[in-house]
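Colleague: Here is how the chains run, residue by residue.
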Amino acid sequence: MQAALVLWDKHMRKFLRSRFELVASLAIPLLLMGLFGVTMSRVMIHFQGDLNYIAYITPGVIAFTALTACILGGATLLSERMNGAIKEYLVAPIPRLAVLVAAMGSGTAKATIESCVIVLVAMALGVRPGGGGLIGWLVVIVAFLLFTLGFAAVTVAAAAGAHTSEAYHSSVTLLNVPLLFGSNALYPLMSMPLWLRILAYCNPTTYFIDALLNGWYGHPSQFGVALDLGLLLVFALLALGLAERIFRRSVG
Amino acid sequence: MSGWAVEAVDVRKRYGETEALRGVSLAVPPGQVFAVLGPNGAGKSTLVSILTTLLPLDAGTARVAGYDVTTEPKAVRSRIGVTFQESVVDLGLSGREVLFYHGRLYGMSGEHCRRRIEALRPLMALDEALDRRVKTYSGGMKRRLELARALLTEPDVVFLDEPSAGLDPQNREALWEQVRALGAAGRAVLFTTHYMEEAERFADRVAVVDHGEKLTEGTPAELMRALGGDVLHVAGSGDVPQLAAVLLASGACTWAEERAGGLQAGVGESGPAALGALLRAAEATGYTVTDISVRRPNLNEVFLKLTGRSLRD
Numbered sequence: 005m006q007a008a009l010v011l012w013d014k015h016m017r018k019f020l021r022s023r024f025e026l027v028a029s030l031a032i033p034l035l036l037m038g039l040f041g042v043t044m045s046r047v048m049i050h051f052q053g054d055l056n057y058i059a060y061i062t063p064g065v066i067a068f069t070a071l072t073a074c075i076l077g078g079a080t081l082l083s084e085r086m087n088g089a090i091k092e093y094l095v096a097p098i099p100r101l102a103v104l105v106a107a108m109g110s111g112t113a114k115a116t117i118e119s120c121v122i123v124l125v126a127m128a129l130g131v132r133p134g135g136g137g138l139i140g141w142l143v144v145i146v147a148f149l150l151f152t153l154g155f156a157a158v159t160v161a162a163a164a165g166a167h168t169s170e171a172y173h174s175s176v177t178l179l180n181v182p183l184l185f186g187s188n189a190l191y192p193l194m195s196m197p198l199w200l201r202i203l204a205y206c207n208p209t210t211y212f213i214d215a216l217l218n219g220w221y222g223h224p225s226q227f228g229v230a231l232d233l234g235l236l237l238v239f240a241l242l243a244l245g246l247a248e249r250i251f252r253r254s255v256g
Numbered sequence: 379m380s381g382w383a384v385e386a387v388d389v390r391k392r393y394g395e396t397e398a399l400r401g402v403s404l405a406v407p408p409g410q411v412f413a414v415l416g417p418n419g420a421g422k423s424t425l426v427s428i429l430t431t432l433l434p435l436d437a438g439t440a441r442v443a444g445y446d447v448t449t450e451p452k453a454v455r456s457r458i459g460v461t462f463q464e465s466v467v468d469l470g471l472s473g474r475e476v477l478f479y480h481g482r483l484y485g486m487s488g489e490h491c492r493r494r495i496e497a498l499r500p501l502m503a504l505d506e507a508l509d510r511r512v513k514t515y516s517g518g519m520k521r522r523l524e525l526a527r528a529l530l531t532e533p534d535v536v537f538l539d540e541p542s543a544g545l546d547p548q549n550r551e552a553l554w555e556q557v558r559a560l561g562a563a564g565r566a567v568l569f570t571t572h573y574m575e576e577a578e579r580f581a582d583r584v585a586v587v588d589h590g591e592k593l594t595e596g597t598p599a600e601l602m603r604a605l606g607g608d609v610l611h612v613a614g615s616g617d618v619p620q621l622a623a624v625l626l627a628s629g630a631c632t633w634a635e636e637r638a639g640g641l642q643a644g645v646g647e648s649g650p651a652a653l654g655a656l657l658r659a660a661e662a663t664g665y666t667v668t669d670i671s672v673r674r675p676n677l678n679e680v681f682l683k684l685t686g687r688s689l690r691d
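Here the protein sequences line up with chains A and B, keeping their order. Just so you know, we're using my numbering here: the first sequence kicks off at 5 and counts up by one. Just so you know, we're using my numbering here: the second sequence kicks off at 379 and counts up by one.
Just so you know, these hints were derived from the structure itself, not from any lab. The structure presented is a predicted model; accordingly, all values stated were derived computationally and were not measured. Hints are supplied without guarantee of correctness; some may be wrong.
As the list claims (entries may be wrong) - Below are the DSBU-like pairs computed for lysine-lysine, each with C-alpha atoms no more than 30 Å apart in a straight line:
hint, chain 1, residue 1, chain 2, residue 2
1, A, K18, B, K520
2, A, K18, B, K452
3, A, K18, B, K513
4, B, K452, B, K520
The whole structure should be built from the sequences, with the hints applied where relevant.
Modeller: Put into structure tokens, the structure is as follows:
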């Protein structure tokens, strides 16, 4: 565990030093909220009762941001695999798993930092989270950690399995758009055609959004917060198991 | 540490259809600088990967610093220092940070890391660059940093995979000086190279490998002696086979043959004495000599003789 912490610390120092990564990963979510969100909120004035559109898509923007951070976290592992840096860790007297844990941990930490920025920007745009009270915040945090850890594991699994950088990037960026549009992140499930709604039910993002809408705004939960969190937990565990298996195979 | 620093017995490895190692054995005692010499693709890196626990072996046994690489990899890992063929340092960190994180990864305390970094400063010769980002470093600086990183944890056995790759001659000399110093300090060093002159000049002992097999092993002097000592090179015009026959008959050489348009002959330790015999033989056969030299054979010739091809092919 100590080794994982050392590696995590190293990843984070590099991340905080490279402003580029921070700016680049925040750019699209901020544009999504600032351009698309602001305009759409003028189109849909009485959207979902008293919830305005920007407030509605803030959880979706958070999901998008977390995904982007996880993709970059996976890319760190990938580049270490490709340029041979991972060998430095593999000849060191540390558990192999520490490398995996550090990669997921830094992806999750980056996602957390970036999501805090998004929340602040949303508040500046007039979004007022807190309608769900203290318990609500707790639900938000647990849902966020499970969701992010799950996708950190998915991207790390892809990074451990990919043979080229192109293969990794094209496969994981493919995740981003369908996960967002194939969920209730930008529009409610009820407005979807049936086939898309079925897909959205299989999408962990849907339960994440549902939990956040409830936790933040006291918006009535569609599935029940317990089910949301339970399914996110199952998703995170499955993803972790997958990542562990693929990673183990990749380092021999 | 008792016994061998590195001991490989009949190590085999195959990748699918390709046999990368077909039963390689070698033994390196503490304090020895050992070279594994061979062309690219000979299996050198595979051997290093197995000895450093990066790759599992298919058959045979390998012990490093007294521990089995298969059953006790963690004990091996905590006693070795490794530099890799390709340069692998974090460009976004400073040299000092690279060393610091490395030491922490091995469980060293912050204070211990700082002490070791200070001790390695003369070797790295990075001066104030130590606190600059590695991305501003030249190839030579990166290599020195990597060597310092491998030595930070005071390993018993040091593995250097193609340590001079990509270095200019000046940096190369400095690197080898440091490698020699490691051996003198009682550490075992195993390095790979495809440069003859490096193995010849800087190793106490050399194993020549090709196609996953060890062809021969010995001190550089032994390997060269096995070739038959000094070689007489003669250039000129005339009937070379006839000249060779007469020279051989005179008993001045152990072998003589036409090579590179001229004559080459093995003259053992008696190079100068053979010159007279050569001149007499040339006169007898009407051969016009334009150039004569007596050379010590080098490992390149050892390799040529063992494999029938030059090392750089």
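Colleague: Below or equal to 30 Å on CA atoms is what counts here, so check K18 (chain A) against K513 (chain B).
Modeller: With a Cα-Cα distance of about 13 Å, the restraint between K18 (chain A) and K513 (chain B) holds, given a limit of 30 Å.
Colleague: With a cut-off of 30 Å on the C-alpha distance, tell me whether K18 (chain A) and K520 (chain B) pass.
Modeller: holds, 18 Å
Colleague: Need the status of pair K452 (chain B), K520 (chain B): alpha-carbon distance at most 30 Å?
Modeller: holds, 27 Å
Colleague: With a cut-off of 30 Å on the C-alpha distance, tell me whether K18 (chain A) and K452 (chain B) pass.
Modeller: holds, 28 Å
The structure agrees with every numbered hint stated previously.
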